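I would like the entire structure built from these sequences, with the hints used as guidance.
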Amino acid sequence: MSLKARIANALKSEIEQGQPGVRLATLRLIDCAVRDRDVCARGRGAGEGCPDADVRRVLETMVAQREVAAREHEDAGRLEEAIREREEIEIIQQFLPVPLQGKALDSAVDEIVTDLGASKLKDLGRCMSALKERYPGMIETGAAGKAVRKALSRAS
Numbered sequence: 000m001s002l003k004a005r006i007a008n009a010l011k012s013e014i015e016q017g018q019p020g021v022r023l024a025t026l027r028l029i030d031c032a033v034r035d036r037d038v039c040a041r042g043r044g045a046g047e048g049c050p051d052a053d054v055r056r057v058l059e060t061m062v063a064q065r066e067v068a069a070r071e072h073e074d075a076g077r078l079e080e081a082i083r084e085r086e087e088i089e090i091i092q093q094f095l096p097v098p099l100q101g102k103a104l105d106s107a108v109d110e111i112v113t114d115l116g117a118s119k120l121k122d123l124g125r126c127m128s129a130l131k132e133r134y135p136g137m138i139e140t141g142a143a144g145k146a147v148r149k150a151l152s153r154a155s
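The letter at position 105 of the sequence shown is residue 104 when you use numbering that gives the first Met the number 0, and the numbering goes up by one with no holes.
Derived by calculation from the structure, the hints in this document are not laboratory data. A couple of the hints might just be wrong.
Straight-line Cα separation of at most 20 Å, EDC-like style, residue types lysine to aspartate or glutamate; simulated pairs [unchecked claim]: (1) 131 - 35; (2) 149 - 105; (3) 121 - 84; (4) 119 - 89; (5) 149 - 122; (6) 121 - 132; (7) 119 - 109; (8) 131 - 30; (9) 121 - 79; (10) 121 - 109; (11) 102 - 114.
All values derive from a computational prediction rather than experimental measurement.
Structure below.
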């Protein structure tokens, strides 16, 4: 199921329950942002709207905006607003893929290093690009970079 369909189903389900709250308001914001991106994509000639990668970037941007807002609210002593922002972050993150960590990241890195035949530190960029391509939205750059360096040091 596409990311847009998952969001639409969650919004529909929340509307059917009929209880207004943070979740419903956040899902409506997400839906509005995705529809806006779809309109822009159709204007550029993409008939079916924006792909899941664009929707994922919209969600990541929304999370980043709320993190900044939550910090600003905390600094200003408005704790209720900060709590609301963090609740919205949790709701938005439900639609984002879980980043690879630990053994899953190590095995993905080992697979990439083997597939590319990488053996030197100069192959780091190729490995990182391949990781991001093969596992979209699931790679945290810092942790992945360390894992690739470790794998390349074993390979040489």
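Unsatisfied constraints (hint numbers, rising): The structure breaks hints 1, 3, 4, 8 and 9; every other hint is satisfied.
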